[in-house]
Every structure is written in structure tokens, then in C-alpha cells.
Amino acid sequence: MPVVIELAPGASENGLVTMLADLLRQNLDDHPHKRADFEKLDGRVAIVAEDAGVALTLEFQRGKLVLHAGIVGIPDVTVRAPSDDVMAMSLVELTPKRALPDPRGEVMKKVWEGMRSGRIQVYGALFHAPLMFRLTRVMSVN
Amino acid sequence: MAHNFPSADWTAAYKDAVNGNAAYREAGKTWLHGAVAFVVEADPSLGLEKDSALILDVHGGECRATHWVERAVAEADAPFVIVGKYARWKDVITGKEDPIKSMMQNKLRLVKGHLPTIIRYVESSRQLVKSAADVDSHWLA
Chain A
199 MPVVIELAPG
209 ASENGLVTML
219 ADLLRQNLDD
229 HPHKRADFEK
239 LDGRVAIVAE
249 DAGVALTLEF
259 QRGKLVLHAG
269 IVGIPDVTVR
279 APSDDVMAMS
289 LVELTPKRAL
299 PDPRGEVMKK
309 VWEGMRSGRI
319 QVYGALFHAP
329 LMFRLTRVMS
339 VN
Chain B
25 MAHNFPSADW
35 TAAYKDAVNG
45 NAAYREAGKT
55 WLHGAVAFVV
65 EADPSLGLEK
75 DSALILDVHG
85 GECRATHWVE
95 RAVAEADAPF
105 VIVGKYARWK
115 DVITGKEDPI
125 KSMMQNKLRL
135 VKGHLPTIIR
145 YVESSRQLVK
155 SAADVDSHWL
165 A
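First to last, the protein sequences are chains A and B.
Heads up: the first sequence begins at 199 in the numbering used here, then just goes up one per residue.
Heads up: the second sequence begins at 25 in the numbering used here, then just goes up one per residue.
Here chain A stands alone, though its shape is the one from the complex (with noise of 0.2 Å):
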């Protein structure tokens, strides 16, 4: 069964959302194995990029995928940060065997320095871990 991903009426214009949605489908279909993920996924996910002065919401519905330009509903998980760190969020590397964040991966080092310093602001994802490890495994390129 094909994903759905849809925008929101008036996203299209936001290009972080046609950004995202892009590299979701692409990526879906490049690695064919992230859909299992991509099915289980259910929750609201707000990314803001702070210095680009743009937000989006990623409204999951279990094998469905809405995109909202700008923060929507309530969201699960927030993440604020620069528009870099939000890029290399889709290039974080992941484990062989579980395909968990690899903490020994140079970006996801940079992304731990960056959560550390402040620089990256997470809300949430220690209560919505299942949804940020599923997310971080979809969105990545690797």
C-alpha cells in the first residue's frame, strides 16, 4: 500500500514542509523497510527553524502523514533549532542492527553537543520515545 503524505491547505508554501514531506517520500521509497515504521507512527511532531524563522507540525496518523505550515494542535515532541542542526537531523547515523541513533556517528555527535549546549531544544521526547526513535529511523537518509 502506497504512504500518504499530505499537506495541509496553504503548507505548500512554507518550504520547510515541502522540504520534509519530499525527503519522507523519497526516503520511503528509496528504503522500502522504513514503512513498518512509518505505519506504527502516531503523534504530533513541531520542528522549529529558529534563525530561518519557520515551523511546521508533522501530524502522524498511523500510515498517514499530514504536514501543517507552522505549530498546530498540540504537539507531542517540539524540537527548536538552527536550520543547519535541522538538516542534520536527516543525516544522523544509525545502528546496523536496531537502527537506533548511533552515539559514536559524527553527526549524531554533533547533534548530543548540540542538545547539550542548548543550541538544539528538545520538549517531550523522553515521554514520546517510541515516536522520536520511529521518526529519527524515517527521516533518516542512511
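Warning: the hint list may mix true and false statements.
[Claimed, not checked] With a Cα cut of at most 27 Å, we get these calculated DSSO-like pairs of lysine-lysine:
(1) Lys114/B x Lys232/A
(2) Lys74/B x Lys53/B
(3) Lys154/B x Lys308/A
(4) Lys136/B x Lys109/B
(5) Lys308/A x Lys120/B
(6) Lys307/A x Lys74/B
(7) Lys114/B x Lys131/B
(8) Lys308/A x Lys114/B
(9) Lys120/B x Lys131/B
(10) Lys154/B x Lys114/B
(11) Lys232/A x Lys307/A
(12) Lys74/B x Lys154/B
(13) Lys136/B x Lys53/B
(14) Lys262/A x Lys238/A
(15) Lys109/B x Lys154/B
(16) Lys154/B x Lys131/B
(17) Lys74/B x Lys131/B
(18) Lys262/A x Lys154/B
Keep in mind the hints are simulated off the structure, nothing from the lab.
Keep in mind that this is a model prediction, so the values were computed, not measured.
Start from chain A and add chain B according to the hints.
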């Protein structure tokens, strides 16, 4: 001598600028994914009556050729096509704006191409744009 942006002369000078950028040679050395086109949208107030495009035939950290063509040719020939208004390209080339941030803001748009590949080569893309700053440019506005 300053070259009008965009023009055939500017496009030819851009090839030399890319090949003179050691950081691009390093960042792009594994790029084997084909040409990249930058489309400048028409702006009659600047004398740009139709969309035009620069095609960069980049391969393995080298720019093998550049071409100044109509948009339709670029969209047919180049696997990656990025579109923007004149003022946006000027801001990016002169370093006022970051290309990735501009894409997030919808000021530049990838209208053709595989985004995961572009993301893997973010530094390479940045260096291509930085090379453009080395071209002696004359701006229409």
C-alpha cells in the same frame, strides 16, 4: 571585468570559480549524480523577459562545463533544478542568505531532483554557491 548576472559570460566565469575552489573539490569529490541547474525567474523590470538557467555539469569535485540556457532545457537536461527570483539568487550569491535556509523559507525551491541526495551533499552545495561569490559580478538591481 564584471559580468552581468545572469549571462553566458557570467556562467563561463562560474565554471572557473568552481574549479578554483579547493573546498568544493573536496566536498564534491564523490558527487556522481549529474548536473545541477539554477533557474533565475523572469523579471521584466530588470530586463529578464523569460526564465533562464545556469547548468553546472559537476562530477567528482570538478565542474566539467557550464551552460546558460532556457528554463525548459535545464528542466529537461539536469537531474537537479533549483528555482528562485533574481533578488533571492543575489542574496545567496553575495552571502547575505544561506542557501539551505532560503530553501526552508521557500525563497529557493528544488523543483526537480532527489532531496536525500542534496541533503547528503549540503556542504558541496554550499561550496558551489560560495564559488559564485568569486565571480566578478555586475548586478542588475
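Status of the hints after comparison with the structure:
1. Lys114/B x Lys232/A: Violated. Lys114/B to Lys232/A sits at ~39 Å, over the 27 Å cutoff.
2. Lys74/B x Lys53/B: Outside the cut-off at roughly 34 Å; violated.
3. Lys154/B x Lys308/A: With Cα atoms ~23 Å apart, Lys154/B and Lys308/A stay inside 27 Å; holds.
4. Lys136/B x Lys109/B: 17 Å, holds
5. Lys308/A x Lys120/B: Roughly 25 Å between the alpha carbons, so the hint for Lys308/A and Lys120/B holds.
6. Lys307/A x Lys74/B: 46 Å, violated
7. Lys114/B x Lys131/B: 12 Å, holds
8. Lys308/A x Lys114/B: At roughly 31 Å apart (the allowed maximum being 27 Å), Lys114/B and Lys308/A break the hint.
9. Lys120/B x Lys131/B: This hinted pair holds, its Cα atoms lying about 13 Å apart.
10. Lys154/B x Lys114/B: Distance of about 12 Å is within 27 Å: holds.
11. Lys232/A x Lys307/A: 23 Å, holds
12. Lys74/B x Lys154/B: 26 Å, holds
13. Lys136/B x Lys53/B: Roughly 22 Å separates the two Cα atoms, so the pair holds.
14. Lys262/A x Lys238/A: 10 Å, holds
15. Lys109/B x Lys154/B: 18 Å, holds
16. Lys154/B x Lys131/B: 18 Å, holds
17. Lys74/B x Lys131/B: Within the cut-off at roughly 18 Å; holds.
18. Lys262/A x Lys154/B: 39 Å, violated
Hints 1, 2, 6, 8 and 18, counting from the list given before, are not met by this structure.
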